[in-house]
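First residue of the sequence shown? That's 1 in full-length UniProt numbering, and the numbers climb one at a time after it.
Because the hints were derived from the structure by calculation, they are not lab data.
For each residue, glycine too, the CB sits at the ideal point set by N, CA and C.
Be aware that one or more of the hints could be misleading.
[Stated by the list, open to error] Derived DEER-like restraints, expressed as beta-carbon distance ranges:
no.	residue 1	residue 2	range
1	Leu116	Gly23	16 to 24 Å
2	Ala96	Pro260	22 to 30 Å
3	Gly53	Thr278	49 to 57 Å
4	Ala87	Ala120	35 to 43 Å
5	Ser52	Arg186	14 to 22 Å
6	Glu214	Asp31	30 to 38 Å
7	Leu89	Asp31	27 to 35 Å
8	Ser128	Thr67	18 to 26 Å
9	Glu171	Leu106	55 to 63 Å
10	Pro24	Pro260	34 to 42 Å
11	Asp25	Ala203	42 to 50 Å
12	Gly309	Ala120	41 to 49 Å
13	Ser128	Val35	36 to 44 Å
[To be verified] DMTMM-like mimics (lysine to aspartate or glutamate), calculated; alpha carbons at most 20 Å apart, straight line:
no.	residue 1	residue 2
14	Lys6	Glu105
15	Lys6	Asp190
16	Lys6	Asp221
17	Lys6	Asp101
18	Lys6	Asp39
19	Lys6	Glu214
20	Lys6	Asp108
21	Lys6	Glu36
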Amino acid sequence: MESITKNRQPPRVLRQIIERAYGPDQVPDGDDFAVELGDGYFNIAYVLTLRSGRRVVLKIAPPAHVTVLTCERGIMRNEVAALALIADLTDVPVPAVEHVDVTHELVDADWFVMPLIEGATLAALTDSAALTESAAAGLRRDLGALNRELNGIVGDRFGPLHMPGFGTWREAFASMMEGILRDGERAGVDLGVPYEAIRGELAAHLDVLDEVTEPRFVEWDLWPGNVMVLDGRIVALIDHERALYGDPLIEAGFTGVDLPDFGDPSDFMRGYGLEELTPAEQTRRRLYSAYVLVLMIVETAYRRYPDDGQYHWARGLLSGLMESGGR
């Protein structure tokens, strides 16, 4: 996906990055050692082939001059922190971080490198009909189980991993929602529903957020495009930049509970070990769905995507969600 947040670099700079991360003996000749990965929506990512022939992935944060959403400030450091936590505290497969640079000496942004994970994403395999329905369902169940293991990590405060955080989930989620709403207001984005209606919906249901008393590690962005599959099994989960301490029900795998356009969550939930939601959980889930839709609408103004398909799709879903009320 094309976006102004993608911080592309010339071969000269990419060679300097390789030298810093792996040493001068790994700097390749020629200009064909770097291939851009085009699936991401935010950071630029390259597959780099080292002189030894080994392939690694470089991720570079957006250029310093590009305005990002409030929730996206410093999120590459958040991803590095998430990868360390997952590797240290779980058996969930994730790439190893091989080098991190936050000096901004070679480029005007944070960057890090990790091994290339062979395979294809669950989204790509599903879209291309490369999986039988039985195999796809099994992988969705496996994803649910892995996600539950991630949620087993307990923090000491709510909010992003790389920030001070909040004492309650009510405060943390209210801050998240207000942040994206203010981003939208600054950019003059039409949500299709009044901004105050979103604020009112949240204010009316703050009490259900108080049921969440333990800060759990949540990925939030763990959709099938971030699940790497090889030989019929999940070999890695990628793109952990939006991880936070919060309510596991905010995970992407549950979004289809009230937004069927995001896919049937039944297999994921079965693997997770959660068959149905209580009325209070359903209300929390609706708030989280409203949040993700507002973010998807607002980000289109900041990313300047080449078409407005995502804007209109998410805007229609948000209007329908708000109209549905508590049904």
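Against the structure, the hints come out as follows:
no., hint, in the structure
1, Leu116 to Gly23: 16 to 24 Å, "holds (18 Å)"
2, Ala96 to Pro260: 22 to 30 Å, "violated (37 Å)"
3, Gly53 to Thr278: 49 to 57 Å, "holds (54 Å)"
4, Ala87 to Ala120: 35 to 43 Å, "violated (23 Å)"
5, Ser52 to Arg186: 14 to 22 Å, "violated (47 Å)"
6, Glu214 to Asp31: 30 to 38 Å, "violated (51 Å)"
7, Leu89 to Asp31: 27 to 35 Å, "violated (41 Å)"
8, Ser128 to Thr67: 18 to 26 Å, "violated (36 Å)"
9, Glu171 to Leu106: 55 to 63 Å, "violated (38 Å)"
10, Pro24 to Pro260: 34 to 42 Å, "violated (54 Å)"
11, Asp25 to Ala203: 42 to 50 Å, "violated (60 Å)"
12, Gly309 to Ala120: 41 to 49 Å, "violated (23 Å)"
13, Ser128 to Val35: 36 to 44 Å, "violated (20 Å)"
14, Lys6 to Glu105, "holds (18 Å)"
15, Lys6 to Asp190, "violated (25 Å)"
16, Lys6 to Asp221, "holds (19 Å)"
17, Lys6 to Asp101, "holds (17 Å)"
18, Lys6 to Asp39, "holds (11 Å)"
19, Lys6 to Glu214, "violated (35 Å)"
20, Lys6 to Asp108, "holds (12 Å)"
21, Lys6 to Glu36, "holds (10 Å)"
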